[in-house]
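**Q** Listed below, chain by chain, are the residues.
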Amino acid sequence: MKSGIKDKVVIAGMGCSRFGERWDCGPDDLMVEAFNEALLDACIERDQIEAAWLGVFFDEQNTGKSSLPMSIALRLPNIPTTRVENLCATGTEALRGAVYAVAAGACEIALAMGVEKLKDTGFGGLPERTKGTFEDLYLPTSTAPGAFAQLASAYAERYGYSMKDLKRAMAHISVKSHENATRNAKAHLRNRITEQQVLESMPISYPLNVLDCCGVSDGAACAIVTTPEVARRLGLRDVVAVKALQLAASNGVEMGHQSWDGSHTLTTPLAAKRAYAEAGIQNPREQIDLIEVHDCFSITELVLMEDLGLSDMGRSPHDVLDGRYDRDGAIPCQIDGGLKCFGHPIGATGLRMAYEIYLQLLGRAGERQLRGRSGNGPAFGLTHNLGGIPNRNIASVSILGLLAA
Amino acid sequence: MTALGSIHGYGVHIPRLRLSREVIAAAMSWANAPARGAARGTRAVGNWDEDALTMAVEAARRCGATPLHGKPLQAMFFCSTTAPFVDRDDAVLVASALDLPDSVETLNLGASMRAGTSGLITALLRTTGNTLLVASDARTTRSGSPQEMTYGDASAAMLVGPAAAGSLATVVAARRVGSDFVDHYRMSGADFDYALEERWIRDEFLLKIIPTTVAQVLSDARVPAESVRHVVIPTSPATAKRLAQACDVSTARRDERVLTQCGDAGVALPLLMIADALEAAEPEEFILAVGIGQGVDVILLKAETGVCSASKDLTRALAAGHEEPSYVRYLAHRGLLDVDFGMRAERDQRTAHSVAFRKRSVLNAFTGGRCRNCGTVQFPQSRVCVNPECRQTDTQSPHRLADSQGRVKSFTEDWQAYAARPPYVYGNVEFAEGGNLLMEFTDIEPGRIKVNDAVRFVYRIKDEDRARGFRRYFWKATAT
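Protein sequences appear in the order of chains H and Z. Letter by letter, the first sequence follows residues -15 to 389 of the working numbering. Letter by letter, the second sequence follows residues 1088 to 1567 of the working numbering.
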């Protein structure tokens, strides 16, 4: 019988670059910035790392292919390195590779690195990309906001919301994330905004306005993972363990079968259910202290609250407006500012989310530190990525918690 | 001459966008002063994603599914002087989009404004089999030119075959006469027509060749001129009036609405006017139709009982207009204005032609699959059924979705994506028989689309590979 990943692998150290329009930095600079922080955090030498995974998505305008850009930038000691790419779940996929390798006993210390240099594209928004030789011939040349905006019209229709009401809840999501980011020096966007500003900002893709969209930023984040035994040997006291790492990938139903109504992500509930089971979480609404979800657009975060089982179906707009996911709400969401304020350097995002959960669990989140349900700090944090578009995607859900929890 | 062939059906496509001639005059009469006097009515202008080929497909589909698919088609003629490809068989592509069998004979006709009527005569004189004739033109006109005011984009299709009960009209006599008279011309590769003086054309060419040929045709048919009830003369109304008098058919009905509301649609114009006559004719009435271009074609038709139940597709198409308020946007759509659409428009649109050929039925005819195990319809056809309850391998038969009813499940109006006519509108569409596809929408103004709206599907330009000079097509959703 499978035993799952729970408590088999711990995080020895993490690093995260400052996110933003890092005009003076290339992907190598960003990786070094995150890596140096993680090495110091883990109190290990570079040559103790035995294997490494690199997550990067847009290799064309960025690093180029393969894991070599990481191996070369960090001058890793000719260890096995692997590049992974799984759309917006790429960063989490790098973590998964490293964690599984340690859990398998293939190595004791592994590195998961995610990086994306988006601002060498030459324009705002994400770079253009091919969908493959066949699909380019019939699928629309959609943008990310356009593909995610679909959720809003379908959601409003399914639950009978007027677009005006739905947009108010969506606006609150952006306001909340900007508020959180004012407490985070590594965030790209650190300004406060109002719901009115969101509603009156420039239309991007109906019904999304520019302030419903996450920023476009450069960044890198990484994790050094190891076994609990090695962590003890390294003298680490409070240790964050991986409680669950789950993926669910579309198989074409959303794009091609009439059973999907377009108002939710089909994969997220599946990944979440597996992750809760793997982590031994019976009631996520009562047990998860904080969440970092894939808020590429405000409407995405709104439907994800239901897809993750944290709001009742059709009730997310009410919960959002009631402040349930605010900093002082029951389940703070995007306490670091989220994709909204960090932007979405794709390869880095999943690891950036894990970095915030890691800091919060260890009580190292500074002025944005949460007290958690117990009052003594959070015990469980969840990260979620949605790689792709609602029509087809890879949902990842990971749960981190203190080793003792 | 004995009756050989009949017109069994017709279809018309006039692009939805109509540019008011007043709008053109307001923009350009500073350079073309006579435009002010001619500023009546509208001209049809194709949307950015329409060309002679897509318009031909739409007119052919309007011909009606029953004759197209019920009776085997032997041939398909595509007539145009503005076909997108000079060397790639446009007719074969039209046939492919219509899902016609590969065995259907295809022929491209062009090179003269007579191509539509010449094709019609050829089809009418074929003694066996049904022929689908499609005439379509979208001629680009120079800004400020007289042609800018008079031309229009449109297509017409006719299903022609051996005389049979229920047909619309039967040919009684026809002649084709050549004459190297250059009323206007366009050399290969040129963007615009070069037109000569109208009075010279009228007096030296039209008033000489048409009455003579008409008299011969009427004589061939032993039909007196006064029996002609409908006459089709594809010239300006004033010239048509003079010609009708010269042919002794001045009491016959002459259409002016096609020119007033749509404009001179090139090779399609006489066929659109014949469609007008078919919509007005009573059984047994004679229709005399002329085609003009380096000679003349004259066709004498006799209306049959089928005209009583004719589809009135021209009337429908003329009425289905939406005013294009922007002359500047029209210029951009026709490639007459070099607009900066930003870096997103630089996207490389290279086609993997091996893929396009392998998937030609999917891409040209909009063919999906229907699972023989569970009945699920899906697009595109795939090896393994998409139904999560089925997922059987190699159980799908081709299932064409082009004529299905669609329903909007979700949509967006995307102002960030590159679009020749922003916003770029797309969404999830569910087919009535099942299946879902994320599709582009066309001919829908911003703010007009809603979830659950019914949509139908049209064959349109998907994008253009400017680096390699190649145009790609696919199906889009539009309002029913």
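A couple of the hints might just be wrong.
Only some residues are given here: those of chain H computed to face chain Z with a beta carbon under 10 Å [what the hints assert, rightly or not]:
1. Q134
2. E184
3. S185
4. I188
5. C197
6. V237
7. Q242
8. S247
9. G359
10. N360
11. G361
12. I373
As a list, the in silico DSS-like pairs of lysine-lysine whose alpha-carbon atoms are at most 30 Å apart [as the list claims (entries may be wrong)]:
13. H/K115 <-> Z/K1537
14. H/K103 <-> H/K148
15. Z/K1389 <-> Z/K1399
16. Z/K1389 <-> Z/K1446
17. Z/K1446 <-> H/K115
18. H/K148 <-> Z/K1537
19. H/K49 <-> H/K148
20. Z/K1295 <-> Z/K1328
Keep in mind that the hints were calculated from the coordinates and are not lab data. Yeah, the Cβ is synthetic: ideal placement off N, Cα and C, and Gly gets one too.
**Q** Next, verify each hint and record whether it holds.
**A** Hints, verified against the model:
no.	hint	in the structure
1	Q134	holds, 4 Å
2	E184	violated, 15 Å
3	S185	violated, 12 Å
4	I188	holds, 5 Å
5	C197	holds, 9 Å
6	V237	holds, 6 Å
7	Q242	holds, 5 Å
8	S247	holds, 8 Å
9	G359	violated, 43 Å
10	N360	violated, 44 Å
11	G361	violated, 41 Å
12	I373	holds, 8 Å
13	H/K115 <-> Z/K1537	holds, 27 Å
14	H/K103 <-> H/K148	violated, 33 Å
15	Z/K1389 <-> Z/K1399	holds, 18 Å
16	Z/K1389 <-> Z/K1446	violated, 44 Å
17	Z/K1446 <-> H/K115	holds, 16 Å
18	H/K148 <-> Z/K1537	holds, 15 Å
19	H/K49 <-> H/K148	violated, 44 Å
20	Z/K1295 <-> Z/K1328	holds, 15 Å
Of the hints listed earlier, those the structure fails to meet are numbers 2, 3, 9, 10, 11, 14, 16, 19, in rising order.
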